[in-house]
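Trainee: Respectively, the protein sequence lines represent chains A and B.
First residue of the first sequence? That's 474 in the working numbering, and the numbers climb one at a time after it.
First residue of the second sequence? That's 474 in the working numbering, and the numbers climb one at a time after it.
Bear in mind the hints are in silico, worked out from the structure with no lab data behind them.
Please read all numbers here as calculations on a predicted model, not as lab measurements.
Some clues are possibly wrong.
Chain copies aren't distinguished; within one or between two, either way the pair holds.
[Claimed, not checked] List of simulated lysine to any residue pairs, SDA-like, C-alpha gap at most 20 Å:
id	residue 1	residue 2
1	K528	S573
2	K608	D619
3	K528	G786
4	K608	E624
2 protein chains.
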Amino acid sequence: MTSVADDPDLVVAVEDRLRDVGRQVRRAMLDAMPDGEPVQWLYGPMREYPARPGKALRAALCLSSGRAFGADSAALLGIAVAIELLHNAFLVHDDIADGSEMRRGRPTLSASHGLAAALNAGDGLAIVASQVLRKATRPLDRELADRVLAEFDTMALRTLEGQATEIGWQSDHVEDLVPADYLELIMHKTCWYTTIYPLRVGALIGSAGTADLAPLIRFGFHFGAAFQIRDDLLNLIGDERTYGKEILGDLYEGKRTLTLVHLLDVARGSDRAVLRDYLRRSRAERSPELVRTVRTMMDDYGSIDFTREYAEGILLVAEDYFEEAFADARPGPDLDFLRSLVPYVWARWR
Amino acid sequence: MTSVADDPDLVVAVEDRLRDVGRQVRRAMLDAMPDGEPVQWLYGPMREYPARPGKALRAALCLSSGRAFGADSAALLGIAVAIELLHNAFLVHDDIADGSEMRRGRPTLSASHGLAAALNAGDGLAIVASQVLRKATRPLDRELADRVLAEFDTMALRTLEGQATEIGWQSDHVEDLVPADYLELIMHKTCWYTTIYPLRVGALIGSAGTADLAPLIRFGFHFGAAFQIRDDLLNLIGDERTYGKEILGDLYEGKRTLTLVHLLDVARGSDRAVLRDYLRRSRAERSPELVRTVRTMMDDYGSIDFTREYAEGILLVAEDYFEEAFADARPGPDLDFLRSLVPYVWARWR
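Here chain A stands alone, though its shape is the one from the complex (with noise of 0.2 Å):
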C-alpha cells in the first residue's frame, strides 16, 4: 500500500475524478429543485449548500461500484443525486445542532438565514432527495426499486441514530468511553450513507439484486471509518482555507472524537482534571485557552499519533476486504477508481 500511496499521481487521478463526479452530481441536484416559490425563504436557501463544490465521495462509490457490477451511468446518476441530496439536509440540520459557523468555506444556513429557515431548507433538501430517488428506481423491476427504497430509509435511520447518539454524548457529558464505543458510533453517523448504501445499492443494481452484499458492508465499514477518522483529524491539525470548516470546531463542540476518547483514557492528574472540566463546559464556556490546552494535550499524550495509527490498521483491514467485495465485479476504471481509494485516504494522512 505505501508503495502505491507514495505514487502522486494516483492522488491526482482521484481528484480528479471526484471533481468530475462533483460537477455532473453538482448539476443534476440543482436541476432537481422545484421551481417555485418562496425563492427567499425555501428554494433559495435549499441551493446554497448543493452549489457548494463538496467532495460528492458518495456519489462516485454510487456509480463507480454500480458501474463495476454492470449497470450503466444512466440508471444510477439519480439514486447517487439523491444520496447527495440526502447529504446535504443532513449537513443542514447537523450544522443547526451543532451551531456551526462555516461550511464549505461559506457562512452555514443557520449563520446566514436564521435557524428557522435554514429547519426548512434540511427539510427540503430530505423531501427532494426522495422525489429523485423515486424517479431513479421508477425503470427498475418493482421488488428491486422497493428494495432501493427500505434500505435508502434504514441508512437514513441509522445516520440519525449515530448523529443523536454524538449529540447525547455531549449533552449528557458521558465521560466512559472505548474506541469501540466510537467505532459504533461512526458506523451509524457515517459509514451507512457516506460508503455502505453508496456501494450497496451500485452493486445492487448493477447485478440485478444478485451480488452478495455482505462484503461490500465489511469493507464499506472499514474503509467509511477510516474516512471519518480522517476527517476528525483535519479538523485537529488541518488548514481551515483547504478544510472549509472551522479547525478545533469539534473541540469547541465536545465532540468525542477518537482521539478525544484515547485522551481522556490516559490523561492523568490535574489534566484529567482540566478534561473534565472542560467537557463539563457548554459550547460558549469553552475559552480558545481552553480549548488550546485540551488540543495541546493531544500531542503531549500521544492521542494525535494513536488516532493516525488506528486509521491505518483500518485501512489495512479494508483493503483486504476490497478483494472479496468486489471478486466479482468487472474489471476496468471503475474498480481501479474504488481500490484506489484506500490508499488515498492513507496519502491524505501525511
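Model the placement of chain B on the given structure of chain A, informed by the hints.
Mentor: Here is chain B on its own, set in the frame of chain A:
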C-alpha cells in the same frame, strides 16, 4: 347549516369518531416506530408527540374519504398513519422554529430534550412516515402507488413553502399583507396536508384512480382554511387547558394571522405606531403588556369579529363544494361524517 350546528349530538358524534380514529392511529404510529437504540436520545423522543392524543383529523379525513369512494379500511390505514406521522414531524420542527414551550398540554420536545435531539426526532418521524407509506402502497398497482407517493412528497413541499413564508414574514417584518396573502399562505401551510391530500388520496385509492379530484381540492381548501382560521382564533380566545398550546402564543411570535392582518389594515394613529413597534420586536422583546394591548385592539377594531365572519363565509362555500366533491361517493356513515365536519367547525366558533 345553522340548525344542524345547533344539534349538540352532532358535535358529540364527530368528537367520538375523531377519538376512535385517534386511538387507532396512535397505536399504529407507535407500532411503526423502530425498536432500536438510542432510545434515550432518538426513539424515546420520537414516540412522545405520537403518544399524546391529538385531533387525528387528517387520518379521519383519509379513512372516511377512501371508504366513501369504495376502499376498505385495511388499504387506507397505513396511508392515514403516514400522514399523521408526517404531521407529528412537522409539529416537532415547527415547535423548534417557533420557540414554543407547550404542545398538546405538555412541554415541547425542544423544551424537554434540547434543540438538537428534537431536530433529529423530527427527521426520524419523517423517515418512519416514508417507511409506513411505502408499505401501505405496496398492495396498490404500481402506477397508483407511484401517484400516492409522488403526491405525498408534493404535499410535504407545499407545507414547507407555507411554513417558510410564514417564518419569512415574521423575520423580515413584512407588514403590507391583505387577507388574500393569508389565504395563499394557509393553502400551502395547512390545507395541502391537513385536508386536500388526505381527501384526495382516499378518493384516489377508493376509486382506483378514476375519481375527479378537482372538486376535492376546492372543498379541501375551503374546509381547511376555515379549520386553520378557527385554530388561530382559539389561540386568541381559547382556554389554555383544552387548547393544549400557549394562549396568545401566536401573538408573542408575531404570526401574521388573518386577525392580525385585518388589524394591520384598519388600525389608525398611535395604535398603528404601537402595532409597527410590536411587529419589529423579537419574540423575547414582546412583553405581556404589549401582547395584551395588541389583543385588546383586536376586539376594539373588530378584527376578531371580522375573522369569525370571514371563516363562516368560507364554510358556506365549503358546504356547497362538498356535494360536488362527493357526488360519486357512497351514502353511509363515512359520507355522513364528512358532511358533518362543516357544521362541526361552525359549532366550534361559538
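Trainee: Now, for every hint given, state plainly whether the structure supports it.
Mentor: Here's how the hints hold up against the structure:
no. : hint        : in the structure
1   : K528 x S573 : within (19 Å within a copy, 37 Å between copies)
2   : K608 x D619 : both (12 Å within a copy, 9 Å between copies)
3   : K528 x G786 : neither (24 Å within a copy, 55 Å between copies)
4   : K608 x E624 : both (16 Å within a copy, 13 Å between copies)
Consistency note: the structure conflicts with earlier hint 3 alone.
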